[in-house]
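Engineer: As a plain string of letters, each chain reads:
Protein chains: 2
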Amino acid sequence: MKTLKIIKIGGNIIDNKKTLSDFLIKFSKLDDPKLLVHGGGKLATKLANQMGVEVKMTSGRRITDTDTLDITTMVYAGKINKNIVAQLQANNCNAVGFSGADGNTIVSVKRPVKDVDFGFVGDVIKVNTQVLQLLVNNNISPVFCALTHDKNGQLFNTNADTIASELAIGFAKDYEVELYYCFDKNGVLQDVVDDDSVILNINTTTYKELIEQGTIADGMLPKLNNCFHALENNVSKVCVGKQDMLFQSDSKFTTIEK
Amino acid sequence: MKTLKIIKIGGNIIDNKKTLSDFLIKFSKLDDPKLLVHGGGKLATKLANQMGVEVKMTSGRRITDTDTLDITTMVYAGKINKNIVAQLQANNCNAVGFSGADGNTIVSVKRPVKDVDFGFVGDVIKVNTQVLQLLVNNNISPVFCALTHDKNGQLFNTNADTIASELAIGFAKDYEVELYYCFDKNGVLQDVVDDDSVILNINTTTYKELIEQGTIADGMLPKLNNCFHALENNVSKVCVGKQDMLFQSDSKFTTIEK
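Residue numbers (the numbering used here), protein chains in the order written: chain A, 16 to 273; chain B, 16 to 273.
Among the clues, some could well be false.
Unchecked claim - In silico BS3-like cross-links for lysine-lysine, where the CA-CA straight-line distance does not exceed 27 Å: (1) Lys267/B / Lys71/A; (2) Lys32/B / Lys166/A; (3) Lys33/B / Lys166/A; (4) Lys57/B / Lys71/B; (5) Lys166/A / Lys71/B; (6) Lys223/B / Lys41/B; (7) Lys166/B / Lys17/B; (8) Lys17/B / Lys71/B; (9) Lys267/A / Lys252/A; (10) Lys267/B / Lys32/A; (11) Lys166/A / Lys273/A; (12) Lys166/B / Lys125/B; (13) Lys238/B / Lys125/A; (14) Lys252/A / Lys273/A; (15) Lys17/A / Lys238/A; (16) Lys200/B / Lys188/B; (17) Lys238/A / Lys71/A; (18) Lys166/A / Lys44/B; (19) Lys32/A / Lys44/B; (20) Lys267/B / Lys61/A; (21) Lys44/A / Lys17/B; (22) Lys57/A / Lys61/B; (23) Lys44/A / Lys223/A; (24) Lys141/A / Lys141/B; (25) Lys32/B / Lys125/A; (26) Lys61/B / Lys32/B; (27) Lys33/A / Lys166/B.
In case anyone wonders, no lab produced these hints; they're calculated from the structure.
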């Protein structure tokens, strides 16, 4: 089976012009077939402020109302996605931007209302990789923003980490998929304030222990749940760390295995 | 050769939710392979006003500065493009949104400064249809917004009529291309205030006569120049009129031939 690298980048790369540019130059040189997923960074909040659109929160969590969905669609699928694609082209990496609506690639349903109505937030129910495989097999890298659709004309905000893991699972029947989550730390840390305390390997058993010890908590929990969800669905390998893990053989990062 | 319909729609369709929705339902039912090009309508100006970004004009023509390019990228490639794609998916028409940067499909250069510096406005120099043909041959409709790139990482605003004609020319070596410009009139009119006075056929000879008579002037001139440019470069047929021309056999519209 061919290898496919699925790489997710977030705000720490997107929000810094130079960091993003450096990352895209290196990404372009990766030999294997590759797919990029990007989050939104701080630009959506900045645009909301400029437009005078209030950021609505309930129980500390952001609500995606109609205006907010418009803003994220404009920022994620428009400004960020097209500028990334244009930069990749400049680096001779042929790329095509995608939302989950394009090619009907990621279908979701509105997140069910329990305590909180999150508004236009979608939970993924189906991934179709046919169109993406057409491109990947022709040496073209899909570039995904964090939007999905419900196949009834409605767009949804969807977590970029989830998009990356669901795409990885979708490709896993035809490719040996390696999933890379780039973020602002060297990996999962034993001591959250010591960036050198990287836990190099985590498996199902040690994962449970790390949760019980309280080493893995807060934002790392959903991130690692995404990782194990991918591994349980035939994704070969999941790595978490700084973007160096992709480009430097001596870099330290966390590899997650079943 | 297979037939490909390239259809350009503008503000009179995009700016009205119901008109756009009706159009997309009918577009989805067209049998031939098809590609949609959309303009930006009034949304970009509305967003600029909301953001407090001044619309800059010189000699009555709009200048695309950095802020304006950001706005058009967000509105054209984000909000309008993704909502059109999502609606097409709801109508079981598989579609993928494109700017000229995606797939390196439309390369342009900054419009040379003569009397006016138009800013980030690109004149098309090259069209690559390989990626688009992959999709079209798999029954997927590309949906283009009016943005191009210079292959050095810079996006440009480019006239949507021009994008439609340049794509038509790019496809003409492999397809029998029919190019349709949908706008708010029944076609080229003998009498500009009488929508029933459609000139059914125009060719190179009658075109010159109509210009000399003053029948074709103002905004119609660049539109028809685009049409003849396409015909002179192997596009089979160019039609101008209301969207009915695509769906109703008894509708009147203007067909332009060499």
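Engineer: Take the hints in turn and mark each one as holding or not.
Structural biologist: Hint check:
no.	hint	verdict
1	Lys267/B / Lys71/A	50 Å, violated
2	Lys32/B / Lys166/A	18 Å, holds
3	Lys33/B / Lys166/A	19 Å, holds
4	Lys57/B / Lys71/B	15 Å, holds
5	Lys166/A / Lys71/B	39 Å, violated
6	Lys223/B / Lys41/B	35 Å, violated
7	Lys166/B / Lys17/B	30 Å, violated
8	Lys17/B / Lys71/B	44 Å, violated
9	Lys267/A / Lys252/A	16 Å, holds
10	Lys267/B / Lys32/A	52 Å, violated
11	Lys166/A / Lys273/A	33 Å, violated
12	Lys166/B / Lys125/B	12 Å, holds
13	Lys238/B / Lys125/A	43 Å, violated
14	Lys252/A / Lys273/A	9 Å, holds
15	Lys17/A / Lys238/A	26 Å, holds
16	Lys200/B / Lys188/B	31 Å, violated
17	Lys238/A / Lys71/A	24 Å, holds
18	Lys166/A / Lys44/B	17 Å, holds
19	Lys32/A / Lys44/B	43 Å, violated
20	Lys267/B / Lys61/A	48 Å, violated
21	Lys44/A / Lys17/B	37 Å, violated
22	Lys57/A / Lys61/B	23 Å, holds
23	Lys44/A / Lys223/A	37 Å, violated
24	Lys141/A / Lys141/B	37 Å, violated
25	Lys32/B / Lys125/A	22 Å, holds
26	Lys61/B / Lys32/B	16 Å, holds
27	Lys33/A / Lys166/B	19 Å, holds
Violation of the numbered hints given earlier is confined to hints 1, 5, 6, 7, 8, 10, 11, 13, 16, 19, 20, 21, 23 and 24; the remaining hints are satisfied by the structure.
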